[in-house]
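K.L.:
The lines below spell out each chain.
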Amino acid sequence: MLLEDAIITEHGGMGDPQYKIWRLVLKIEMTKEVKPGQFVHLKVSTGRDPLLRRPISIAGIDRDKQEITLLYRLKGKGTEVLTQAKPGEKLNLLGPLGQGFTVPQSGTLYLVAGGIGIFPLLPLAQEALALGVTVHLFWGGGNQSFLESAGLSFWQALDIAVEVSTLDGSMGVQGNVLDLLRKHELAESGRVAVCGPMPMMAAVSEFFKETNFEVEASLEERMGCGLGACLGCVCTLRDEQGKLRRGKVCKDGPVFRAKEVVWDAAL
Amino acid sequence: MQPSKELAKTIKTEVKLGPLTLKNPVLTASGTYGFGEEYAELCPVERLGGITLKGITPEPRLGNPVPRLAETPAGLLNSVGLENPGLKEFISSYLPKVRELPTAAIANISGFSVEDYVQMARALQKASGLAALEVNISCPNVKHGGMHFGTDPASAEQVIAAVKAETDLPVIAKLSPNVTSIVAMAQAAARGGADIISLINTLLGMSIDIEKQRPILANCVGGLSGPAVRPVAVRMVWEVSQAVDLPIIGMGGILTWQDAVEFLLAGASAVSIGTGNFVDPCAPLGILDGIEEYCQRHGVSAVSELTGRAWKKNH
Chain R
174 MLLEDAIITE HGGMGDPQYK IWRLVLKIEM TKEVKPGQFV HLKVSTGRDP
224 LLRRPISIAG IDRDKQEITL LYRLKGKGTE VLTQAKPGEK LNLLGPLGQG
274 FTVPQSGTLY LVAGGIGIFP LLPLAQEALA LGVTVHLFWG GGNQSFLESA
324 GLSFWQALDI AVEVSTLDGS MGVQGNVLDL LRKHELAESG RVAVCGPMPM
374 MAAVSEFFKE TNFEVEASLE ERMGCGLGAC LGCVCTLRDE QGKLRRGKVC
424 KDGPVFRAKE VVWDAAL
Chain D
13 MQPSKELAKT IKTEVKLGPL TLKNPVLTAS GTYGFGEEYA ELCPVERLGG
63 ITLKGITPEP RLGNPVPRLA ETPAGLLNSV GLENPGLKEF ISSYLPKVRE
113 LPTAAIANIS GFSVEDYVQM ARALQKASGL AALEVNISCP NVKHGGMHFG
163 TDPASAEQVI AAVKAETDLP VIAKLSPNVT SIVAMAQAAA RGGADIISLI
213 NTLLGMSIDI EKQRPILANC VGGLSGPAVR PVAVRMVWEV SQAVDLPIIG
263 MGGILTWQDA VEFLLAGASA VSIGTGNFVD PCAPLGILDG IEEYCQRHGV
313 SAVSELTGRA WKKNH
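Going down the list, the protein sequences come from chains R and D. The first sequence runs 174 to 440 under my numbering. The second sequence runs 13 to 327 under my numbering.
Worth flagging that the hints you see were computed from the coordinates, not collected in a lab. Treat the hints with care, as some may be off.
Derived lysine to any residue pairs resembling SDA-like cross-links, with alpha carbons at most 20 Å apart [said to hold, decoys possible]:
id, chain 1, residue 1, chain 2, residue 2
1, D, Lys224, R, Asp437
2, R, Lys424, D, Gly75
3, D, Lys109, D, Arg59
4, R, Lys205, D, Pro243
5, R, Lys250, R, Arg221
6, R, Lys208, D, Glu53
7, D, Lys224, R, Lys238
8, D, Lys100, D, Arg59
9, R, Lys193, R, Leu247
10, D, Lys138, D, Ala173
11, R, Lys424, D, Asp128
12, R, Lys416, D, Ile222
13, R, Lys432, R, Thr409
14, R, Lys250, D, Ile222
15, R, Lys238, R, Glu300
16, R, Lys424, D, Glu95
17, R, Lys356, R, Phe386
18, R, Lys416, D, Glu95
19, R, Lys356, R, Lys416
20, R, Lys382, R, Glu358
21, R, Lys248, D, Gln225
Turn these sequences into a full structure, and let the hints steer you where they fit.
P.N.:
Right under this line is the structure:
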């Protein structure tokens with residue numbers, strides 16, 4: 174983990190502007206340490222408003238060029254300020270942080286993404302592929318235009334099966350990613366990495382419950398320190414004895430074993 | 013501006029707060045620094061004047077549901093709700109590591125009754141390896157929580173006196189700013205026998221998601237910290253330090269050395285960095301360097317000489 178001023182090498186909107194997706198490439202020192210599923214905590218401004226850093230998942234790792242790619246959606250004040258940053262400028266970065274996905278050494282890996290939950294999955298796909306793992310992507314989005322704007326071409330360039338669903342039926346199966354999964358004849362066993370909205374991840378976890386698949390989910394929560402000190406970004410976990418405890422999304426996660434996660438947010 | 017470390021070597025940084033001596037006046041605030049491990053890789057613990065540990069209660073607590081955080085202009089609302097492993101687990105799993113920290117470790121205790129505080133004070137003594145006990149009578153995030161003791165002077169005096177009677181550690185009373193008269197609360201803590209006063213805890217606040225038309229925090233309300241509260245905190249330190257003859261640890265929105273110097277001039281003998289750690293995990297180091305350089309520039313040979321320079325009688 175490092176605190177460093179990373180140089181922006183590329184930064185700009187990606188795809189159709191209505192989806193407000195941005196791509197940020199940073200030159201950093203710590204690419205060797207980065208594991209799929211980890212994130213960085215970025216200071217988006219030097220001023221006091223916005224005050225806190227913004228956690229952004231790592232969507233690409235290029236160890237030769239010592240670069241990481243971050244994809245994010247412009248959503249609030251922090252990301253709005255971030256979009257102003259220009260190539261050549263520096264951004265203060267804390268990272269890489271958190272526990273990433275387990276990279277399988279063989280067998281089958283299903284990637285299940287909802288919307289922009291696709292972003293942290295690409296480095297995992299690449300590492301698994303390099304090890305000879307059979308990778309299969311299931312991705313649900315609103316429509317074809319969104320999927321293309323959120324990086325569909327990156328995925329089509331990989332040597333993997335890509336299956337998509339769209340709510341409006343403009344591409345792939347009409348419906349959500351669960352509808353897509355239900356149509357698929359599952360392998361006997363393997364690993365699943367899921368990232369998307371909480372209800373979607375809960376449903377995917379449930380879907381694989383009676384199978385021989387081990388599911389890992391990447392969670393999102395409003396973060397403070399990013400280091401596990403402030404207890405701002407917790408989730409609830411249930412161990413095998415049924416005992417509840419808190420997990421720190423920033424430090425124990427963001428990736429957790431899905432069967433341990435209590436998806437009911439009211440606890 | 014990065015002040016030069018070389019320049020500042022001759023400044024005496026040690027500060028004495030009654031029975032508590034710190035190697036320098038820069039502490040970290042409770043609830044922002046865990047039990048001292050999380051930042052160690054980024055901010056060398058031995059350079060800190062001390063660490064105030066995450067607040068503990070007699071029993072373990074899961075704390076409040078999420079969202080627990082909401083950012084506001086130059087500020088942060090939190091409603092963690094005193095999530096902690098409980099006294100027993102703290103002593104068995106955390107204290108052995110805490111006592112090895114190369115700086116002063118201050119435990120922070122919270123309770124729901126006088127008996128709760130007494131139980132924890134009894135268990136935490138000098139022999140525990142702690143440097144002091146901070147009594148949180150000001151947590152805004154739990155129902156019937158510590159804040160009841162922090163808003164009623166008679167209750168504050170009672171709980172501080174009860175803790176003082178049970179422990180041989182220096183007792184720090186952490187005050188809530190959510191009162192009409194902070195001086196009255198500080199005087200009550202002094203009557204109870206507090207050795208040191210720390211202020212301020214967070215200001216009760218709220219933020220609403222206007223699209224969802226409901227509060228952002230699951231707990232609806234939370235404690236506001238960060239630069240947004242700093243002027244309130246400076247004013248309170250200034251008032252209390254002139255009215256009560258106890259050393260003060262000042263905190264509330266300190267991000268830079270300039271902010272820290274403001275608190276010292278207002279009457280604090282030491283400062284605590286809280287939310288500032290989230291913005292810059294190395295903030296305490298830059299603040300310490302900056303304070304030393306400031307002393308150099310103003311011809312002050314000891315940091316302690318800055319305390320209260322902005323008091324009324326001094327200008």
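K.L.:
Is R/Lys416 within 20 Å of D/Ile222, Cα to Cα?
P.N.:
violated, 36 Å
K.L.:
Hey, D/Lys224 versus R/Asp437, does the alpha-carbon distance stay inside 20 Å?
P.N.:
holds, 19 Å
K.L.:
Sort out whether D/Ala173 lies within 20 Å of D/Lys138, counting only the CA atoms.
P.N.:
holds, 18 Å
K.L.:
Check the hint pairing R/Lys238 with R/Glu300 against an upper bound of 20 Å on the C-alpha distance.
P.N.:
holds, 17 Å
K.L.:
CA of R/Lys382 to CA of R/Glu358, is that 20 Å or under?
P.N.:
Cα-Cα ~16 Å, so holds.
K.L.:
When you check the alpha-carbon spacing of R/Lys250 and R/Arg221, does it fall within 20 Å?
P.N.:
Holds, because 12 Å separates the two Cα atoms, which is no more than 20 Å.
K.L.:
Would the hint linking R/Lys205 and D/Pro243 be met if the CA-CA limit is 20 Å?
P.N.:
It is violated: about 44 Å lies between the C-alpha atoms, which goes past 20 Å.
K.L.:
Next pair to validate is R/Lys424 with D/Gly75; report whether the Cα-Cα distance is within 20 Å.
P.N.:
holds, 18 Å
K.L.:
Can you confirm whether the C-alpha distance between R/Lys356 and R/Lys416 stays at or below 20 Å?
P.N.:
With a Cα-Cα distance of about 35 Å, the restraint between R/Lys356 and R/Lys416 is violated, given a limit of 20 Å.
K.L.:
When you check the alpha-carbon spacing of D/Lys109 and D/Arg59, does it fall within 20 Å?
P.N.:
holds, 17 Å
K.L.:
For R/Lys250 and D/Ile222, compute the direct alpha-carbon distance and say whether it is at most 20 Å.
P.N.:
holds, 15 Å
K.L.:
Between the alpha carbons of R/Lys416 and D/Glu95, is the straight-line distance 20 Å or under?
P.N.:
holds, 16 Å
Hint compliance for this structure: hints 4, 7, 8, 11, 12, 19 are not met, and every other hint is.
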